[in-house]
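Protein chains in written order, with our numbering: chain C, 128 to 485; chain H, 344 to 650; chain U, 267 to 534.
Bear in mind the hints are in silico, worked out from the structure with no lab data behind them. Virtual Cβ for every residue (Gly too), placed ideally from N, Cα, C. Among these hints, one or two may not hold up.
One-sided excerpt, in silico: chain C residues whose CB lies under 10 Å from chain U [unchecked claim]:
1. E269
2. A278
3. I306
4. I374
5. Q377
6. N445
7. S448
8. V449
Derived lysine-lysine pairs resembling DSS-like cross-links, with alpha carbons at most 30 Å apart [unchecked claim]:
9. H:K469 - U:K347
10. U:K527 - U:K347
11. H:K430 - U:K455
12. U:K333 - H:K469
13. U:K333 - C:K332
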Amino acid sequence: MKPKFYRYIIFTLVLAAVMSLSFAGNTWAKPKKFKAAWSIYAGWQPWDYANQSGILKKWADKYNIEIELVRMDYIPSIEAYVAKKVDACVMTNMEALDMPAASGINTTALILGDFSNGNDAVLTRDNTGIKDLNGEEIYLVELSVSHYLLARALEMNNMDERNVILVNTSDSDIAPAFIANGNQKAVVTWNPLVMQILQEPGISKIFDSSKIPGEILDLMVVRTGVLKENPEFGKALTGAWYEVMDIMSQRGSTADEAMSIMAESAGCSLTEYKMQLKTTAMFYKPQGAVEYTNSEEIKQKMNYVRKFCFEHGLLGENARSVDEVGIKYPDGSIQGDTNNVYFIFDSSFMKMAADGKL
Amino acid sequence: MQNYIIRVEEAVQKYRDRDGQMRTVLNNINLRVRRGEFLTVVGPTGCGKSTLLRLILGSEVPFSGKVMVNDVEVKEPSRDRGIVFQKYSLYENRTVRENVMLGLELEQFTIFEPYFRPIKCRRKRKEFREKADIYLERVGLLRHADKHPHQLSGGMRQRAAIAQAMVMQPEVLLMDEPFGALDIGTREAMQVFVLEQWQKDHQTIIFVTHDLEEAIFIGSRIVVLSQYYSDDDGGSTTTHGSMIVKDVQVPWPLPRPTDVKHTKEFNELMMSIRREGLDPDYLQNIKDFDLSHEDAAWWNGGMGWAN
Amino acid sequence: MSLFKVNAKPSINAGRILPLLPFIICIVAYIITAQVRHDENPKDKLVPTSKQLIDGFRRSAFEEDRKGEYRLLVDTIASTKRFAIGVAFLFLGVIIGLNMGMLPYFDLVFYKFFLFFDKIPALAILPILFIVFGLGEVSKIALIVIGVMPTIVLDTYLRAKAVPREQITKALTLDASHLEVMYRIVLPKIFPKVLETIRLNFKAVILFLIAGESLAATAGLGYRIFVVRRYIAMDIIIPYVIWISFLAFLADLAVRIWIRKKYTWMDK
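Next comes chain C alone, as it looks inside the complex (with noise of 0.2 Å):
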């Protein structure tokens, strides 16, 4: 009896040895090789483009790495990138803040793309105003920027969250949910599902991200780790990020071929693309988002999404106050916790994009 025992002991232990190690490790990142993850969104849709066209394989080239692109759901994208499957990824600032960088992900938002402009809105039924959503059901994915959106229209209308019954709805289903349902109030939500919910009738936007602009901004995060070691991936990244924008901003066949493709693996026409990008605030030019990164006025901003996060729990419920995460601008200057600073704006690659110096 004795022996056997010692030897179930051993196998227990060797077992649990072998599976925390599969578990633990983090050994997938080979050097000079990374990946980046981007999902189905009008400003992410270049990514795309960049992937197909070759360019940036061409700029990986230039640095002599290579980037492997990924498509995925949203969600998910980010908690591959939070569990370090991937180095890269693009998200919302109020993601990058509440996922990564609450968890520790010590995260640097490399390329500031867009800031959405009326792609996120509150759509009501029968002429329903913000005031007259006292008591409403709401349809929204709760806890992402449509709940942010609607926390602020609410705000600026002087009520709050109590003042609605929110109903968390899958993205995938909130847009034939709410037409279907012709006695559901209201319903925020993010393009192309505005645009197809705006199609029916009797459907009108009382409330868009136009109205707070700057606050919902859509980047490319990389961990900073990574990046402070390897900075050539953040380099290929902004020069290839930039040759697709410049493409873009060029008027005629060329871009439209170009925005063609984006629109193809979004699944929606080349005409409905560019009513998307319409409400899409694009930095074409990379000096814009410099000076936008580089602003007193992003501070600002951020303090709002920050203020959300932190009263919805999103920094942790532990959270003890607004400056629990730390967030990082260009200038040096830091909101919220100095040593426990995991967000950072970093403008420089998008500088060295705008200087020619890639």
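Let chain C serve as the given structure and place chains H and U on it in line with the hints.
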């Protein structure tokens, strides 16, 4: 009209086999049974003796001809014909007593009555229980009344099944190889038991078995059903269907001591039935059937069968 | 060593220890993983330490959240209600299956339909469900019913068909009406088996329940898991997952004990 409780008239039963061919199982069965008779039906495997029983029971209707009970044509099973099967007579989810009471409840309560009139039903149930216990006593199972069927031996289960059928006091009690699954010792005890029961109230019984000795010992009249005969149409034993090839009175009066099984006459009767009914190589001509029982139908030459 | 012998007779001690082994391995592996990850990144949220998990559970169960609710309680009540209504509807499936198994015309009309219906992956028709039933409670119950009921219908059907013909004939000779044969003879006889099938399908019920809650809800265990996913609150998700499993285990155990006590005659 007459005191025949059962009349089977020119009953033919055919089934469609796997190839889609119609196969005759029973060919022109004529049978009359008097009230209080203990009729045993015996025959070789595949002769259709259980089919005949099912026709009387009403779980099958004949292809042609008819089956009358009390001058009413049989269409489906009903409470005036009780049945004991070889297996599955009892409901395993009920205790022995509940099994015996079941028929009384089904007969007197409508389906939802126990829910709407619980007091009346509870009072009634007490009566049923007393009645059930009389029968359980009679079959010697009162001690086991609260057990479930799976806790009983094979013989006890069949006794319970008999009580379950008898409590309804049916006009006829049908038994389909009731002791087929029992060992020899139990089997003999059960035969004696059934005879005792029959003596008490002269219940009309039709008893199907493949065991020749049992058939002779237990019945007051024996009917042999067989496909092994020859007729003028030249049909083969596999296609022309079974007929009643022998229908005789069993000569010993009841009650019968088990000793009769060892008498010379008993053995001679067994031998003759075995040869005329069960031997596939001995094909008796239709004209030579021993239909000596007073109620048997007889072959009336070209006129067909007559009673 | 008799590890690979079919006739091995483990000692009493082995009988006590070995069943715990896989649990211990998982827990140890988890703790080590959490430790390693927290050494590397003290703010790691993907694999919370056991202390964080306990804290997460405490906050969910015993502290009011930002809406002033005890969210574990609120979620458990919401989900249990849906579960109970869903399971109640499964008994409707038992009635349908019984009628199909017993009545040849019902059999002809419905059997092929349910056989096909059973093969529809319920999750695939979610959009249709939401459009037809809206995003409220009805669609969540409908998802459970559509997902699981055909299995129950078919199971009951087969069990009703398997009842020996003799017992049905016998009931008729005991003066049972055709309705009584179905509801007083056959149903009580097959009921424990049907209950067993319903029990085994609890997992499917929960799966559809959580799927429904993830798509649109204001409360519920599945709802919470999908909402807090938005800020990677694994310290809430993991206790919730364990809680769901525990509740499912309890429900299963309750039915198992009920069957064992109430239907002593079964399987004999």
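Would you list, in rising numerical order, the hints stated earlier that this structure does not obey? 2, 4, 5, 7, 8, 9, 12
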